[in-house]
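Asks: Add chain B to chain A, keeping to what the hints say.
As you go down the protein sequences, you meet chains A and B in turn.
In terms of the numbering used here, the first sequence has 55 at position 71, counting the first letter as 1, and numbering is strictly consecutive.
In terms of the numbering used here, the second sequence has 1505 at position 133, counting the first letter as 1, and numbering is strictly consecutive.
No lab work stands behind these hints, which were simulated from the structure alone.
For each residue, glycine too, the CB sits at the ideal point set by N, CA and C.
Certain hints may be false.
In silico EDC-like cross-links for lysine to aspartate or glutamate, where the CA-CA straight-line distance does not exceed 16 Å [as the list claims (entries may be wrong)]:
hint, chain 1, residue 1, chain 2, residue 2
1, B, Lys1753, B, Asp1435
2, B, Lys1408, A, Asp46
3, A, Lys65, A, Asp47
4, B, Lys1715, B, Asp1725
5, B, Lys1753, B, Glu1765
6, A, Lys65, A, Glu15
7, A, Lys65, A, Asp46
8, A, Lys65, B, Glu1445
9, A, Lys65, B, Asp1725
Rough simulated footprint, nothing fancy, chain B against chain A, three-plus residues with beta-carbon under 8 Å [unchecked claim]:
hint, region
10, 2 to 9
11, 58 to 67
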Amino acid sequence: MSAPDIDSSKVHGRGIFFDGVTTARHDVVVELAPRTLQVHGVDGSVLAQWSYDELETLSSPDDVLRLGRAGNALLARLEIKDPQLAAAIDERSLPVDRTGRIERRLRTKVIFWSAAATTSLILVAVIAMPLIATQLTPLIPYAIERRLGAAIDAQTRMSLNEGNRPDAP
Amino acid sequence: MNPGNERMTPFDAAGSAAQASLFAPPGIARFVGRGKTFWGLLSCGAVLLMFTLGIYRFWLTTDVRRYLWSNTELAGESFEYTGTAYELLLGFLIALTFLVPLYAAFFLLTLAASNIWSLLGLLVLILLGHYAFYRARRYRLTRTIYRGVRFHQTGSAILYSVCAVLWWALIILSAGLAYPFAQSQLEHFKMRHTFFGNLPGHFESSGWHLLVRGLPLWAFTVVPFAIGAVATILAIDWSALNSISGADVRATWTEANGLAGIDVIVALTGAWLLCSIALLYPVFHAIVLRWWISGLRFGNVVVRSHLRIARVFGVYARFFGYATLFTAIAGTLLGVGAFALSKIIGAPPSMRDEIITTVLSLGAYAAMALGYWTIYQATVKLGVWRCVIESLEVLNVAALEEVAAAGEAASPVGEGLADALNVGGI
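For reference, chain B alone in the conformation it holds in the complex:
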């Protein structure tokens, strides 16, 4: 077999290819994967997740990452994910050896002592969650290879988790206004410690920029909610409420004070909040993504995003469409199944009937949950990934051709912790 051209030796052809690659348009990023493959991967994975009580997730996560990484191209070269399912399983098992005694200790302390231990336990878990998130990022970066060179991350995960907890406390205290600054500072921290080979990363977007873009959304969502909350508090007759005693506190309080209007205020505020979140979340997601990507830098390589809000909105609309269709089909099947089961099982049901009904109900619940999860992953996760990649503009991409290898593969423990605490990334 000689696949080379007859009029050209393989070396001549290689030389021509090298010349051609010099003139290839630089900075082009694209996603070459087919959606159908991803749907198949997730659907099979969801079924296996159910029958293996979630153990298959290590393999599914690895498959998903391999698919996403290897189908993402930058300047004609695709990325590579080198992590394995066995590493994820090992990391999870190691994480369990730390977490199980910790959970047991928290349980015993909350039983034996006062309420303060519950709060302390919650704080420790939040700190641990951010710690795990940072270390999981380190694992994923060191398993990401581009052109034969790996990414890596330095920096203290403990320091990151403390900073993250303090910033989140500030976000809550400021009713969300501190969010852009928190994101900016945490991204600065992460990117300052991120490297592609020997090329250091940094972050250039400012919190003020995100605040200006996100302020209308905040005003549309948080301000009416705050007004509704204040109106509710003002409408309550606190002295009358405190004087009430008796078994049915809620009914007595409402009837005695004639404050049925409060229910209307609470319902309206809740409905406004839910509707505004459902409608504006895709807009918020698009704004944050565009801001974040446009701030990424590696050496003098500059990344910019032209992500349009309409595209992200389309991705979420697609999810909504598929989810509605799935709900209709699954609802019909469940209704028919429940009717058939009620005909089969006699009244009163025996112990065996109750066990069968419980197992089938749990199975139906798991199947529904996995169905929505699959639709979300295949529409929103993949859709947003594709939109983000296709919106990229990379300047000074030639600098990526002169990077020297550096960094070592990190331990999978952080990824295991993140998985056990349910704070993992993609």
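Only chain A is shown next, with the shape it has when bound in the complex:
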């Protein structure tokens, strides 16, 4: 096998590549060029060339770094098991976030505002609702109140099966 022309000063390592067109597995060499991550096939051909800014970390087992290209219609995937190579990619690419720091920050924001909304709802339910009900009740017209009461009365009687009683009206 003839080794292709690779700059030995650049960082490189092994990986597995799926091109997103078929399920064929490609054992590849990943080369970290200054601006792009290059994926070379066994024959030395360039299978993919992704800018570090477009990289996307995807869910994978703990010992694998799975990368894709953000916004790409093709689901091309690059899997790296070498921890040193994975760390080198993480260092070069801003979107690659193996520690989950960016995701955690976003999630903390969601949790904080959800908890704040919950507190607000509870306060409204406990304090404001009884006050609103007290103020609103005298304003409801008698006819509407009577109609609502009759409907609820009929439903309650039906649910208690009173209609089947021999003495039922």
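Replies: Just chain B now, kept in the frame of chain A:
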């Protein structure tokens, strides 16, 4: 840094790895996740669910799916879940815009008109539930990636929901005997419209096979229940019952006719039904899972399951053990808490005391419910998933290496509907 071997160029090494992968044993499925990670994920998630009034569930569901998918390997490659929490949240909000007016309309119709509207409303909700289930399946499949190619699903969700409702009506009318045929037909429908890339799926297990395997369970559970129900009906003196009038109907009827024995028949029948369901449900679950998995096909890829009933039984026993332990600990804590609260709050309690007691009771109830939910997910859901994956045998797995990509990502609305109607899958 050069992680490559000194005596080998990276390309030589890649070539060797390619050769090695050709000789790797095919068809092996395994689950590589650690249970401890899943427990941690669920415990944190349960606490956050409580403090965010359930809003965190979109993130938790996504985390759970990512964990399960990415730790499941087939022929050395793991699956990938690409759905996001934001998609689930968006789907839920879109679903709410349809469901809130629908619920309001049902409420108004039941208030204003006759009982028929309640039944009609129930039927519409059941249809909508099956519709949502099918569309949610489509969402999950199109977010499932294996070797850079997605799964997808075609077919009409409306047709599926109509078929499902008709089959369930038949199941009820046949006292459960139609269940195997219903499952078989609905699985045929689902798998006929399921694809992995351009590889079409289909289903090969027959309803008769499931009926034969499940018949002893049916006989053990449904037949005694039916006998008990018939005995109860025969023991009732209907003419005496119809002639009774008065305020306390139940007491008068029992005393006047001397039919206290009916209570014994009803209690025995109920106890038999509960015990048989509790003991036999794991067996039923294992039988259905094994039957279902053994019927899955993608092109000429054949899936078989060697799932043993004892393993599924072990999973449920583990759940029972953890649930009992949790009940003992939580019960003790609740008892101590209630005692301390009764000492703090004076008699008669003020409005402020009542509010504090209500909020604490609701919190305790939610914590208990989430505790059982966490134990169930971490023992039964994960345990069954692991058992199923480890029991798989996949034949002609080489066909999975020649699949071309096809299908598009589906809308998350179905998943949102399923979530709002509480009919979603894992």
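Asks: Of the hints stated earlier, which fail here?
Replies: 5, 9
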